[in-house]
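Make the complex out of the two chains shown on their own, each in a separate frame, by following the hints.
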Amino acid sequence: MIAAAVLAVLALACAVGAWRLTSARWPWRAPRTAILLWQSLGVTWGLATTGALFAYALAPYGAGVVHGLSILLTSAEFDVREPHDVIRLCALLSGFTLLTVLVVVLFAAGAQTLRARRRHRMLLKLIARDEPAVPGVRVVDHPGAAAYCLPGLKSEVVISAGTLDLLSQDELDAMLAHEIAHARERHDLVLLPFGALLRALPWSAVVRDAQAAVALLIEMAADDRARRFCSPKRLATALLRFGAATAVPTPHGALGATSGQNVMARVNRLIKPDIDLPAHVRYGILAASAALAVSAPLLWLLPA
Amino acid sequence: MDILWAQSAPLTAREVGRLIQDRDLAPTTVMTVLDRLSRKGFLNRTRDGRAWRYEPAESRDAYVTELMLEALDLTGDRSAALTRFAQAVSGSEAEILRRALLELEE
Chain A
1 MIAAAVLAVL ALACAVGAWR LTSARWPWRA PRTAILLWQS LGVTWGLATT GALFAYALAP
61 YGAGVVHGLS ILLTSAEFDV REPHDVIRLC ALLSGFTLLT VLVVVLFAAG AQTLRARRRH
121 RMLLKLIARD EPAVPGVRVV DHPGAAAYCL PGLKSEVVIS AGTLDLLSQD ELDAMLAHEI
181 AHARERHDLV LLPFGALLRA LPWSAVVRDA QAAVALLIEM AADDRARRFC SPKRLATALL
241 RFGAATAVPT PHGALGATSG QNVMARVNRL IKPDIDLPAH VRYGILAASA ALAVSAPLLW
301 LLPA
Chain B
1 MDILWAQSAP LTAREVGRLI QDRDLAPTTV MTVLDRLSRK GFLNRTRDGR AWRYEPAESR
61 DAYVTELMLE ALDLTGDRSA ALTRFAQAVS GSEAEILRRA LLELEE
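Protein chains in written order, with the numbering used here: chain A, 1 to 304; chain B, 1 to 106.
Please note: incorrect hints may appear among the correct ones.
Said to hold, decoys possible - Taking lysine-lysine and the DSSO-like style, the derived pairs with C-alpha atoms no more than 30 Å apart in a straight line are:
| # | chain 1 | residue 1 | chain 2 | residue 2 |
| --- | --- | --- | --- | --- |
| 1 | A | Lys154 | B | Lys40 |
| 2 | A | Lys233 | A | Lys272 |
| 3 | A | Lys125 | B | Lys40 |
| 4 | A | Lys154 | A | Lys125 |
As the list claims (entries may be wrong) - Only part of the chain A face toward chain B is listed, based on derived beta-carbon distances under 10 Å:
| # | residue |
| --- | --- |
| 5 | Gly144 |
| 6 | Thr237 |
| 7 | Ala244 |
What the hints assert, rightly or not - For the chain B half of the interface with chain A, some residues (derived, Cβ under 7 Å), not all of them:
| # | residue |
| --- | --- |
| 8 | Tyr63 |
| 9 | Val64 |
| 10 | Leu67 |
| 11 | Met68 |
| 12 | Ala100 |
| 13 | Leu101 |
| 14 | Leu104 |
These are computed hints drawn from the structure, not numbers from a lab.
For glycine and all other residues, C-beta sits at the position ideal for the given N, C-alpha and C.
Chain B with its partners taken away, still in its complex shape (with noise of 0.2 Å):
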């Protein structure tokens, strides 16, 4: 996935290969992946002669912002998919926290 966020234009399964360098991966292997990340929805695939080029459906920015919202409880539901350190506050409470901080470290 990092390899097809770091290309610009989209790449087919070959190409994938010969950039994952580090890992000896047969070319199945990378294929099955592709194809299985597409399926879920995180690749766009488009076709190119006898091959699938792939391109991811969404920046890695936009995945980590929807993260980032499901973490800070901002999507608006109650589902408790995830429990939370602490809930955001507003700006006034944020500086009753802060000057309670103070207090508490001198």
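If we strip away everything but chain A, and leave its shape as in the complex, we get (with noise of 0.2 Å):
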């Protein structure tokens, strides 16, 4: 029954501390380490939840979640003989639904990822064009502005012809720099569990602020990367050219209404950039990811 209740306030924890951490400003100074506490704070909740839920309803066995769901799975019998014995049924099942949804929707995100990117790889392939003045990066015949990367084993960074045409050649240094980047760091992978995430749960206020707040740090971790190798200002006037010619003239669902301040965001960092978070501070923060990340994998473990 303890255990219960440490899973159960350590998911709550989580939860708060999500919501928390979506509306703080100190990511911005630390993105990596801010995407790291993300990580830790979206699995341990995730295991925090179920795991009470399993605790609460295993807690007769009085062998903790791990090997009360080995007993459990292989006498096959749940005991049902008090009222209240029903309320721990409940807890069981909606513990096993919500592990099945959680691994489900995270599977069936990356199925439909690697899918969308296996059709995208194939039409550039019949479509794109090597660019002499960019070498290595995929060119496709569009005069609207686009820059992208497409990851994978073998990432590829594209441009449309608009945006040969928008941008400086500093500027267009700049931008691959960043787009490498993202390419060499696999930003796509932290992403995506966070969008499985808000698939399974739309509804969710605090999952949708922290799918865009993770998205937006992981922006910021590539400008970070891409600012090693040009100059900053550089990329600065890339971003606001780029957005500026990117523009939709009717909002779509898919566009969050702060992406214009996204932008500008990104680009005060460039030009003004806030001292980075002393490194006490950024280890402290990771050393409590770390014990976040571990700490309900061994409640899991814990007997009782």
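What follows is the structure, given as structure tokens:
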């Protein structure tokens, strides 16, 4: 029973932590650290929530979640004698449901992403051309501005012909440095579980904000890496020019109302960099993330 | 694919092979490629005697549009298939960005 209570408190703490983190400003000063904290918050929330339900349901076995589950699955018996056993049965069923939904959604999102990428890659092979001015980059003949990275084992950076005309050579280099940073650090994999969670819980404001926050943080992380290789000011002007050129006349459902603010936030960071978070604070946050990530599996194993 | 897009009528593998002048390709290679593309849905084919006639399933522009819609995140799914340089913004926000750009360039 203690394990169930602790896990429930942990799940609640993760939810509150995530909610606080969506409005915090320090992550912009240390995007990488913040991304790690987000990841451990997400994993811990999932494990703690399902764990709390299981721990409550399996409390009579007195063997903890993992052993309790294995006893349940091998004996295939679940006593329902008293009224409150019904509540325990409900907890067990909702625990299984939640766990299944989380796992299935994650895998479905992964499969769908792979499919979309395979088609995109195939189309690029048919349509895109190489451009001598930007070696290693695929160019699609379209007047609009577009620049992105198609991630995969062999990531490809793609830009439109419109982007080539829009940006100066310096700005182009800065933008490519940004995209290559995405490809090298596999930021798509960071974003994937958050996008999947959003699809599982589309009504949850916290999950939506979390997804948006992580999406912005990976952009900032890529900006930080790119500025090591190019002038931050060129990256900033590239962002502004690019952002202004991609404007769509009617706001589409897929667009967040804050995307313009996000571009401005990134530009301001590049031009007037805040002081990096002090090292001891960063290490403190990293240690807390690690402790958080370990806590839920330990509580699953804890007997009682 | 470019050759098929340039033609208005469906072509046989032999005709496509004749149009690829710059490379000396075996007719079977051309046939294999065309067969693979049609199985993936990029080409439609119809029987013509003993040969297949191939034509593009969609115009080149349609594919370019599809790529660009995904590139601009206008398809509505957040599958994280791509990581974009900057998200598309609304018209009024673009004005703010333009003003900031002018300030920066002074």
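Hints, verified against the model:
no.: 1; hint: A:Lys154 - B:Lys40; result: holds (21 Å)
no.: 2; hint: A:Lys233 - A:Lys272; result: holds (10 Å)
no.: 3; hint: A:Lys125 - B:Lys40; result: holds (13 Å)
no.: 4; hint: A:Lys154 - A:Lys125; result: holds (13 Å)
no.: 5; hint: Gly144; result: holds (6 Å)
no.: 6; hint: Thr237; result: holds (6 Å)
no.: 7; hint: Ala244; result: holds (4 Å)
no.: 8; hint: Tyr63; result: holds (5 Å)
no.: 9; hint: Val64; result: holds (5 Å)
no.: 10; hint: Leu67; result: holds (6 Å)
no.: 11; hint: Met68; result: holds (5 Å)
no.: 12; hint: Ala100; result: holds (6 Å)
no.: 13; hint: Leu101; result: holds (4 Å)
no.: 14; hint: Leu104; result: holds (6 Å)
In the structure shown, no violation is registered for any of the earlier numbered hints.
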